[in-house]
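Trainee: Residue numbers (the working numbering), protein chains in the order written: chain A, 1 to 227; chain B, 228 to 842.
Worth flagging that the hints you see were computed from the coordinates, not collected in a lab.
Please read all numbers here as calculations on a predicted model, not as lab measurements.
Do not take every clue at face value.
[As the list claims (entries may be wrong)] Below 30 Å or equal to it, Euclidean Cα-Cα: the simulated DSSO-like pairs (lysine-lysine) are:
no., chain 1, residue 1, chain 2, residue 2
1, B, LYS803, A, LYS9
2, B, LYS242, A, LYS192
3, B, LYS529, A, LYS97
4, A, LYS9, B, LYS564
5, B, LYS242, A, LYS147
6, B, LYS529, A, LYS3
7, B, LYS672, A, LYS9
8, B, LYS242, A, LYS9
9, A, LYS192, B, LYS234
10, A, LYS112, B, LYS234
11, B, LYS703, B, LYS664
12, A, LYS176, B, LYS242
13, B, LYS475, A, LYS9
14, B, LYS839, B, LYS766
15, B, LYS242, B, LYS256
[Stated by the list, open to error] Chain A stretches covered by chain B per the calculated footprint, using a threshold of three residues with CB under 8 Å from any CB of chain B:
no., stretch
16, 84-95
17, 189-201
[Claimed, not checked] What the simulated footprint calls covered on chain B by chain A, stretch by stretch (three residues with Cβ under 8 Å from a Cβ of chain A suffice, anywhere in the stretch; the number is not a length):
no., stretch
18, 247-261
19, 519-533
Just so you know, even glycine gets a beta-carbon here, dropped at the ideal spot from N, CA and C.
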Amino acid sequence: MVKIQYQFKRTTALRFLSHLDQQRLFQRAFRRADIPVEYSQGFNPHPRMSFALAMSVGLTSDSEYGEVIVSEDIDVAAFISRMNQVLPGGLEITSAKICGEKAISLSASLCKSVYRIRITVVAGTDLKALSQIIDMYLEQPQILMLKRNKKGKFVEKDIRPFIESISVFADPEKDKCNVIMTLRYIEQQCVKPEQVLESINNQNSQLFLIDPTIEIHRQELLLEADA
Amino acid sequence: MNNFIEKNILPLVTKPITYLGNEVNAVHKIPNPEMIRYAFAFPDTYEVGMSHLGMKILYGLLNEQADIWCERVFAPWVDMEEQLRHHDLALYGLESMMPLHEYDFVGFTLQYEMSFSNILNMLALGKISLRSASRKEDEPFVMAGGPCAYNPEPLADFIDLFVIGEAEEVILKIMAAHRAWKKTGGNRHDFLKMAAQIEGVYVPAFYTVSYDQSTGVITDFTPIVSEAPATIRKQFIEDLDQAYFPDKIVVSYTETVHDRISYEIFRGCGRGCRFCQAGMIYRPTREKTLTTIQSKIKALIKATGYDEVSLSSLSTGDYSEIEALIKNLVCDDETGKVSISLPSLRIDSLSIEMLEEIQKVRKAGLTLAPEAGTQRMRDVINKGVTEENLIDTVKTAFEKGWGHVKLYFMIGLPGETLEDIEGIADLGQKVVDAYYKIDRESRNKSLKVVLSASSFVPKPFTPFQWMGQNSPEEFKNKQRHLKASIKERKISYSWQDSGVSYLEAVFARGDRRLGLVLEKAHQLGCRFDGWGEYFDLQKWSEAFESAGIDPDFYALRNRDFDEILPWDFIDTGVTKEFLKAEAEKAEAALTTPFCPENCSNCGMMEFKKGWKCNG
C-alpha cells in the first residue's frame with residue numbers, strides 16, 4: 001500500500017462543484033484512470049481518499065491537496081499523466097509525491113492560505129482610504145467576532161491570530177477591488193476570507209458588498225513542510 | 228462558456244454546475260453553418276432528465292454524425308428561471324450555451340403527462356413561439372417523442388412533428404430530410420411535408436379533426452395534405468442487439484435520481500398486464516445477447532468510472548438468461564467494486580436469490596408490486612402473481628435478513644369493490660405474519676411493511692383505454708376505507724394524490740382541444756406539476772374554465788368500443804381487436820398467458836413483414 005499526496009488546481013469551469021461532487025468526481029476519475037485505489041474494510045467499504053480542505057462552492061484555486069491510498073506501487077509521473085487525461089477541464093493535478101503511510105495527515109499539516117478576492121465595493125470608495133482602514137483594522141491586538149462553535153452556538157472569538165496580512169489593489173472595473181489576504185491555520189482552525197471582510201465591514205461602515213458574486217481564489221496553500 | 232451567466236447568474240442559483248454542460252463525456256463541437264444544431268430537451272430538472280436512458284442513446288447517436296451537434300437542455304429550476312427572466316436571457320442548450328430559438332431542432336421527450344406545462348414554459352423561456360402555426364421561418368422545428376407521444380393530440384398545437392415509436396432509426400431519416408431540404412431552399416411547410424412522408428412521423432398540422440356538436444366526441448380525423456398518411460405506424464428496432472448504444476455516457480457532477488449506468492438488456496414485455504401502457508406499446512420483446520451486454524457494460528464502466536450498473540428493462544427477471552448474465556457480470560468485475568442493481572423484478576423467490584447474489588453488503592428495502600389486493604382483481608388486470616408467490620417471496624426475503632418491505636398497489640381499477648380494497652390490507656397483514664413465522668434468530672430485528680396505493684390512470688393502447696377513471700371523491704373514499712382496514716402497527720400506509728392523477732387522466736386520453744387549456748395554464752404560471760410543491764389544481768381548474776372545457780369528459784367518461792379515440796390513427800402493432808378482447812376478458816376476470824408460453828395474437832406477428840416474434 002502506498003499513499004500518494006497530490007496537488008491540484010481548480011479553475012472557473014468547475015468552481016461550482018460542491019465538496020461531495022468533487023469527491024465523487026475524483027473517485028470516478030481514479031477508476032477511469034485505472035488507479036488501484038484501496039478500499040476501507042467493513043460493511044460499507046469506501047475508497048481511501050481525502051482532501052486537505054473541503055472547497056466551498058464558487059472557490060477557484062491554484063493549490064489544493066488531496067491524498068489517496070493505492071494498493072500497488074505506482075510511478076508518480078504516470079499517476080499525474082493518467083489522471084490528467086481523464087479529469088474534466090477545470091481540474092488538473094500539478095504535482096504528486098509518494099509518502100510513507102504514517103506521514104502526517106494533510107489536514108494536520110495545514111499552515112497558511114493566500115487568497116485573492118475580487119469583490120464589489122461601495123460606490124466612491126477610495127483605494128488609499130480603504131488601505132488605511134485595513135491597516136488600522138490590523139493594528140488591533142484583538143478582533144472579536146461572533147462565530148458558530150461546533151455545537152452550533154454563537155460565541156465571541158478573537159480572529160486576529162488567524163490573519164497574517166491583508167492588502168488591496170485596484171481592479172479595471174471601477175466598482176470592484178482586489179484583496180490579497182494571507183490567513184493562518186491554528187490547530188486546524190481558521191477563518192474564512194469573507195468573514196474577515198465582514199468583520200471589517202462591521203467595524204466600519206459597509207465597504208465591501210459581500211454577495212454570492214464574490215470571486216475567491218486560493219493562490220497558495222502552504223503546508224507545514226513548506227513553511 | 229458564457230461569461231455573464233457564469234459570473235452574475237450562476238452564483239445566485241442552486242446547483243449552478245448543472246447549467247454549464249461541461250461534464251465528462253459531454254460533446255463539444257466546433258460549429259459551422261452547415262451543421263445541424265439539435266437541442267434534446269427534457270421537460271423536467273437536470274437530476275431527473277440525466278437519469279433518462281433514451282436521451283443518452285439519442286445524444287450519442289446524433290453526435291456520431293459529424294455534421295450534427297446534439298446538446299442537452301432541461302427545465303431550469305425556478306430560481307434559474309427567475310434569473311433568466313430578470314435578465315431577459317433565453318434558455319440555452321447546455322454545451323454551447325446558445326439560445327434555444329437559434330437551434331434547427333428542439334426535440335422533447337415525453338415521459339409523463341405532468342411535464343407538458345414544462346414544455347410550454349421551456350419554449351417560452353427559449354423565446355420560441357408557443358404555437359406551431361405562429362412559428363416563423365427561422366425558428367426551430369419542435370419535435371417530440373417518447374411514450375406519451377402515443378397520444379400526441381394534447382400537444383398538437385405546439386409540436387411541429389412527432390416521432391411515434393423508437394427513434395433510433397427514424398431520427399436519422401429526419402436529419403437526412405433536413406439536409407436535403409436545406410439544399411432546396413424550401414420553407415418550413417416544405418420540410419414538414421417531407422418529414423410527414425417518413426414512416427413513423429406525425430405532423431399534426433396536416434390533419435383535421437371534427438367533433439359531434441352535442442356529445443363532443445370525435446366524428447372524423449383526416450389528413451388534409453396528400454403527403455400525410457391516414458395511419459401512422461409506430462417504429463421499432465428489429466435487431467436490438469445490433470442497435471446503436473453509446474460507449475460513453477455523460478457523467479453528471481451532481482447526484483442524479485438514478486446515479487449509475489443504466490443498461491437496457493431487453494425491450495418490450497410479454498406479460499400483458501392490462502393496466503400497463505409500456506407493456507403494450509413496446510412490443511415485441513427483443514433481447515440483447517449476453518456477449519453484447521457484458522462487453523458494453525465493461526466499456527461503459529471504463530468510460531464513466533461509475534461503480535454501479537442497473538440492468539434495465541420492463542421486467543428484468545424475464546430476461547431469458549438472467550442468471551448466467553448476473554454470474555458473468557460478477558465474474559467480469561475483477562476489482563469486486565462494481566455493484567449491480569436489478570430494478571423491476573418479478574415477485575418470485577428466484578428474484579430474491581438473485582438479489583442475494585449481488586447485494587452482498589447491506590439489505591436495503593425490498594419493493595414489490597402485487598398491484599392489487601385480491602386474486603380476482605389481479606386476474607382482472609392480468610398481473611400473473613398469486614398470493615402464494617408473494618408470501619413465498621417475502622418469506623425467502625425475511626429468511627435472508629430483509630426487514631423492510633414496500634408493496635405497491637393501485638386503486639380505482641376496473642370493477643373494484645370494497646372487498647378488493649380490504650384485500651390490500653389483508654395482504655399486508657399476511658406479509659407481517661410471514662415475518663413472525665421466521666425464527667427469531669435468523670430474521671431481521673426490525674420489521675416495517677409499507678403499503679403504497681396510487682390512483683389508477685387509464686392509458687391509451689391498453690385494454691382499459693375505454694374506461695372512466697374513478698372520481699376524486701371515489702378515490703378519497705377508497706383510500707379512507709383502506710386506511711381503516713389496516714389494524715397492524717407494523718404496517719404503514721402511504722398515499723398521495725392532490726389531484727395529479729385526475730389531471731394525468733385528462734391529458735393521457737385528451738384530444739387537441741386541450742391545447743387551449745395547456746396554453747392558459749402556462750399563462751397562469753403552471754409548471755413542475757409533477758413536483759408536489761408547485762402543483763396547483765386551482766390554477767388548472769381556472770384554465771379549464773376559461774378554455775370552456777370540461778375535464779370530466781376526458782378523465783371520468785366511459786367510452787364505447789366504437790368511439791373514435793384521439794389516438795386511433797396510430798398503429799402500434801397491437802390491434803384494437805386484441806385490446807377489446809382483453810377488455811372483455813378483464814370483465815370476466817380471465818387471464819391471458821405470458822407471451823413465450825402461448826401467443827395470444829396481439830397483432831405484432833402480422834405488423835411487419837418478415838418479422839418473427841419470439842414472445
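Trainee: Now, for every hint given, state plainly whether the structure supports it.
Mentor: For each hint, the structure was consulted:
1. B:LYS803 to A:LYS9: Violated, at about 62 Å.
2. B:LYS242 to A:LYS192: Between LYS242 (chain B) and LYS192 (chain A) the Cα gap is close to 22 Å, so the pair holds against 30 Å.
3. B:LYS529 to A:LYS97: holds, 26 Å
4. A:LYS9 to B:LYS564: holds, 28 Å
5. B:LYS242 to A:LYS147: Holds, at about 27 Å.
6. B:LYS529 to A:LYS3: It holds: about 24 Å lies between the C-alpha atoms, which stays within 30 Å.
7. B:LYS672 to A:LYS9: Distance of about 48 Å is beyond 30 Å: violated.
8. B:LYS242 to A:LYS9: Holds, because 21 Å separates the two Cα atoms, which is no more than 30 Å.
9. A:LYS192 to B:LYS234: Distance of about 21 Å is within 30 Å: holds.
10. A:LYS112 to B:LYS234: Roughly 27 Å between the alpha carbons, so the hint for LYS112 (chain A) and LYS234 (chain B) holds.
11. B:LYS703 to B:LYS664: violated, 35 Å
12. A:LYS176 to B:LYS242: holds, 26 Å
13. B:LYS475 to A:LYS9: Between LYS475 (chain B) and LYS9 (chain A) the Cα gap is close to 26 Å, so the pair holds against 30 Å.
14. B:LYS839 to B:LYS766: At roughly 49 Å apart (the allowed maximum being 30 Å), LYS766 (chain B) and LYS839 (chain B) break the hint.
15. B:LYS242 to B:LYS256: holds, 25 Å
16. 84-95: holds (count 4)
17. 189-201: This one is violated; 0 residues, fewer than the three required, reach chain B with a Cβ under 8 Å.
18. 247-261: holds (count 4)
19. 519-533: holds (count 6)
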